[in-house]
Amino acid sequence: MALIAIGIGATVTSMGIGLDQYGRWGARFFPLAGSISLILLGIAELYGARPSQPSDRKHLPAILALLLLSVAYVWSISAVGYLFSTALAAPLVLYIFGVRNRIGLCAAAVLCPAIYHAVFFVALGVFPPFGRWFDLLDVLGGY
Amino acid sequence: MDIFAGLATVLSDPALLGWVFLAAIVGMIVGAIPGLTASAAIAMLLPLTFYMDPLPALAFLYVIGKSGRYGGSIAAILFNTPGTAASAATQLDGYPLARQGKAGKAMKVATISSVIGDFTGEILLIVGVAWIASIALKLGPPELFAVYFAAFIVIGSVIGKSVTRGLASAALGVLVAMIGLDPISSTERFTFGSFDLTNGISLVPLMIGIFVLGEVFTQIEERGVKAEMMPTGESDADRNGLTWAEYRPCMPHVIRSSFIGAFIGMLPGLGSAIAAFVAYGEGKRRAKNPDKWGQGALEGVAAPEAANNAVSGPSMAPLLTLGIPGSTIGAILIGVFLIHGIQIGPTMFLTSRDLVFSLFACGLIGIVMYGVIGYFGAAYVGRFITRIPTQVLYPIIFLTSFVAAYTSRGNLFDVYVMVAAGFAGWAMRKLDFNPAAFVISFVLASGAEETFRQALLLSDNGLMIFVTRPIALAFLLIGFAALFVRIRSVHKQARSVALRDA
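Protein chains in written order, with this note's numbering: chain Y, 203 to 345; chain H, -14 to 487.
Just so you know, not all the hints are guaranteed correct.
What the hints assert, rightly or not - So the derived label-pair ranges between C-beta atoms look like this: (1) A246/Y - L443/H: 29 to 37 Å; (2) I317/Y - M236/H: 41 to 49 Å; (3) G306/Y - F369/H: 16 to 24 Å; (4) I210/Y - L416/H: 17 to 25 Å; (5) S171/H - R334/Y: 28 to 36 Å; (6) W277/Y - Y360/H: 28 to 36 Å; (7) L416/H - L290/Y: 26 to 34 Å.
To be verified - Sample of chain Y residues facing chain H (criterion: CB under 10 Å; computed from the structure): (8) A246; (9) E247; (10) D258; (11) V276; (12) A291; (13) L326.
Claimed, not checked - Computed footprint of chain H on chain Y; a stretch qualifies when at least three of its residues, placed anywhere within it, have a C-beta under 8 Å from a C-beta of chain H: (14) 228 to 240; (15) 265 to 275; (16) 279 to 290; (17) 295 to 303; (18) 310 to 322; (19) 328 to 337.
Because the hints were derived from the structure by calculation, they are not lab data. Quick caveat: nothing in here was measured; it's all calculated off a predicted structure. Here a beta-carbon is modelled for each residue, glycine too, at the ideal position from N, C-alpha and C.
Working from the sequences, and respecting the hints, build out all of it.
And the structure:
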């Protein structure tokens, strides 16, 4: 059903793609072909569907926690910069994976941002993502 | 002759040799860690190679792919858990051998067979690739579109358990590739008014998400499960030494499997796992001792290992000659070529011939390196892996994937894409969809669309051009035939399972 729903949504959106200056469908062909394929495959799935075994939901809270952390981590990089957000994310992800050693978690909060910053933003020369509200690099004096 | 010039270039450059050596070790370790694949390692390390010259960058990732395929056998033999899907067939005889105290012998057979298979594939690639490229130069847009079409169908239908879900994964890959501005008319497609989406979805964060972050999500479910390693018995020379008399019966299987692997490798999407199982089945069918297979036959280790490594070289042929990645590793390597401004396709043999043959030379040297390291050190790699705490390893991979996704274009939107792709990759695995088909189709879509529209312009919008040109028609029929054969085999399997249950 999800495939059919995505296919219908994509078909409607594909039909909204503008025609070229000669009124041809050039830009619509592939999106439309992909969308209609999804609808047809969704119908085939539905037709051949067998009762599936109930899936194991034991780990779902941890997976959702990791997803939430992932989104929050990217958002916090844009808000408070890479160093500060990584200092928060590193111990949290270790905790989700079952690390409970407090010294280890504290060490990760310091070492992870420092090592990644040194490798990517200093050694490789990538321009770091600065925070909109606050950035530790401003306090530490640049990179 | 070009390959000798390539070998001279590589052997006279110590830094390049250093990268190849590092790749041989990294690939072996990554391949041997259950759950972590060479594709994941390559996707994660890809942004680092943006800062390298093209040849070391390509050689580093290419050799990781080769060595990673071999490394999977270490986990299959020692931990009874295949490090990669390609080494699942190796496990059938490798683990029983380990239980008999012959893990060292099994690993030596796996190493030698992998090296022979990989060499065979690489040499066939070197000999045949320029020839294929010269033919590819003669193909017009209708023929090229037909090749893309056949690739979509084969990739979608053959990999994975479900034909419909595999094809749906491929269709989803096409739809995601359509996001952004149409390259010909600059019309916005699936952008929903978002400025970030007008640039389209970038390949690198998508792959890091699917292969790296997706694997981290999957590994949450494996928390606390520790791999138990069988003793390697290195001190027991009688059980774990390997003599020519013992290896000689393996040779016919190794040679046959190498050619099976090389042939399967040339076909887009089939990959090393299928090659390994086909070679294992064929080997068992022709074996003098088929009842010993599955209980610890050395030939049962040699056949799949030769086949899965023989895939590596020929799988580069469709990539280098047509720009069609035959495997996920090929799809990732496209990113490196593009970043370094190298146009993939048949003209590459005119514009970057030296680079291509130097890359093949790096492949040959990489095979020797992982062969030597593996023959003498596979047991140490196994021991090293048992000491890696996975509850620390995967959080490190998690954090690295974010910074790697950002590094590709210096854009936080790419990191959001990576997170979405990571969760989607996990969900696809859970629901039996096919992440590899999704990514390969994503890569193929732009080329397929371009050739399709060029063909329509050639024919003044008549679809009959794909039917009236014989080569195009042949490839379209190959696509449909592959789909038909696959559906039949799935039905046959389902029927036999139903009969068994009854």
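Is it true that the C-beta distance of G306/Y to F369/H lies inside 16 to 24 Å, as the hint says?
The hint (16 to 24 Å, Cβ to Cβ) holds, given that G306/Y and F369/H are roughly 21 Å apart.
Are E247/Y and chain H close enough, Cβ to Cβ, to be under 10 Å, as the hint says?
holds (5 Å)
Quick check on a hinted range of 29 to 37 Å for A246/Y and L443/H, using CB atoms only.
holds (33 Å)
Can you take a look at whether the segment 279 to 290 of chain Y is actually covered by chain H? Rule is 3+ residues, C-beta closer than 8 Å.
Since three or more residues must qualify, the claim that chain H covers the segment 279 to 290 of chain Y holds, with 4 doing so at under 8 Å.
Check whether three or more residues of the segment 310 to 322 of chain Y sit with their beta carbon closer than 8 Å to a beta carbon of chain H.
holds (count 4)
Interface hint check: A291/Y, Cβ to nearest Cβ on chain H, cutoff 10 Å. Holds or violated?
Check passed: Cβ of A291/Y comes within 7 Å of chain H, closer than 10 Å.
Interface hint outcome for D258/Y [beta carbon to chain H under 10 Å]:
holds (8 Å)
Whether the CB-CB distance between I317/Y and M236/H falls inside 41 to 49 Å:
At 48 Å between Cβs, range holds.
Would you say the C-beta atoms of I210/Y and L416/H sit inside 17 to 25 Å of each other?
At 19 Å between Cβs, range holds.
Verify the CB-CB distance for L416/H and L290/Y against the hinted window 26 to 34 Å.
Because 32 Å falls inside the window, the suggested range holds.
Taking a Cβ-Cβ distance under 8 Å as contact, does the segment 265 to 275 of chain Y have three or more residues in contact with chain H?
It holds, with 6 qualifying residues against the three required.
S171/H versus R334/Y beta-carbon gap, inside 28 to 36 Å or not:
This hint holds: roughly 31 Å between Cβ atoms.
When each numbered hint is compared with the structure, a violation occurs for hint 6 only.
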